[in-house]
Amino acid sequence: MALLKDKAALITGGGSGIGRAAALIFAREGAKLAIADLNANGAQETVSMIERAGGQAFCVQCDVLKPAAVEDLVAQTVRRFGRLDCAFNNAGIGGDLARTADSTEECWDAVVGIDLKSVWLCMKYEIAQMLKQKSGAIVNTASIAGLGANPLGIAYSAAKHGVVGLTRTAAVEYAKIPIRINAVCPGVTETPMVEAGIAKRPQMRRVFQKIHPMGRLGRPEEIGEAVAWLCSDAASFVTGIPLPVDGGFTAI
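So the sequence shown is numbered by the numbering used here: it starts at 32 and just counts up by one.
Bear in mind the hints are in silico, worked out from the structure with no lab data behind them. Because the structure is a prediction, the values reported are computed rather than measured. A couple of the hints might just be wrong.
[Said to hold, decoys possible] The calculated DSS-like cross-link candidates involving lysine-lysine, where the alpha carbons are at most 27 Å apart (straight line), are:
(1) LYS163 to LYS231
(2) LYS97 to LYS155
(3) LYS207 to LYS165
(4) LYS165 to LYS155
(5) LYS36 to LYS97
(6) LYS207 to LYS148
(7) LYS148 to LYS241
(8) LYS36 to LYS148
(9) LYS163 to LYS148
(10) LYS36 to LYS155
(11) LYS231 to LYS241
(12) LYS148 to LYS97
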């Protein structure tokens with residue numbers, strides 16, 4: 032049986048990369064989807080891919096830093112599907128590469144806003160709906176940078192450590208409902224964001240390959256498979272974990 036048959040799901044950052052890959056997997060596993068992204072064209076393209084494969088989805092252009100927009104995103108999902116069973120809070124950016132003393136306030140505010148504050152905002156409104164239903168599953172995108180040091184990326188590391196903290200705290204708060212809340216911690220993955228950084232510094236591809244014991248970067252669909260499992264009833268006794276999907280990086 033499909034892992035997510037007839038589940039109503041919401042994915043932010045669903046217009047590309049890990050979000051799109053997860054959306055396609057969710058649809059394959061039977062979920063009905065709201066695809067949110069600031070890039071409306073990207074979100075619509077994901078919806079079209081799902082519909083061509085026989086799935087059901089709609090898109091919402093959403094700035095996840097605006098509380099009213101996030102609240103409306105959840106409301107639209109519930110109006111369309113009647114409930115919200117699963118949410119994947121995945122929208123994020125990488126930020127500039129710089130040592131801590133050389134980092135800018137602008138970079139800090141942008142990265143911590145999108146990568147951390149938006150996750151809290153999404154959880155705030157998703158949990159409110161799930162409390163009405165007395166059930167639900169949420170997965171947040173953290174990172175291996177949220178489990179250890181991330182030289183030249185202080186804002187990103189701080190934000191992703193914060194996501195792990197948000198996830199663990201909320202998971203304990205709502206465990207008895209039950210609303211399950213977990214995080215996925217990808218290794219360096221072949222997403223448009225990562226590829227754009229490699230284009231500027233081609234030598235980084237070899238560096239990224241070397242730091243993963245499996246000798247390669249992750250693929251977006253590998254992260255998406257883990258997210259789908261965490262959102263499914265197959266993971267019914269799993270909550271509060273930051274799950275590395277990282278080719279062995281955190282095992283070193």
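Results for each hint:
no.	hint	verdict
1	LYS163 to LYS231	violated (47 Å)
2	LYS97 to LYS155	holds (12 Å)
3	LYS207 to LYS165	holds (9 Å)
4	LYS165 to LYS155	holds (15 Å)
5	LYS36 to LYS97	violated (31 Å)
6	LYS207 to LYS148	holds (25 Å)
7	LYS148 to LYS241	violated (32 Å)
8	LYS36 to LYS148	violated (31 Å)
9	LYS163 to LYS148	holds (23 Å)
10	LYS36 to LYS155	holds (25 Å)
11	LYS231 to LYS241	holds (19 Å)
12	LYS148 to LYS97	holds (10 Å)
Checked against the numbered hints given earlier, the structure breaks hints 1, 5, 7 and 8 and satisfies all the rest.
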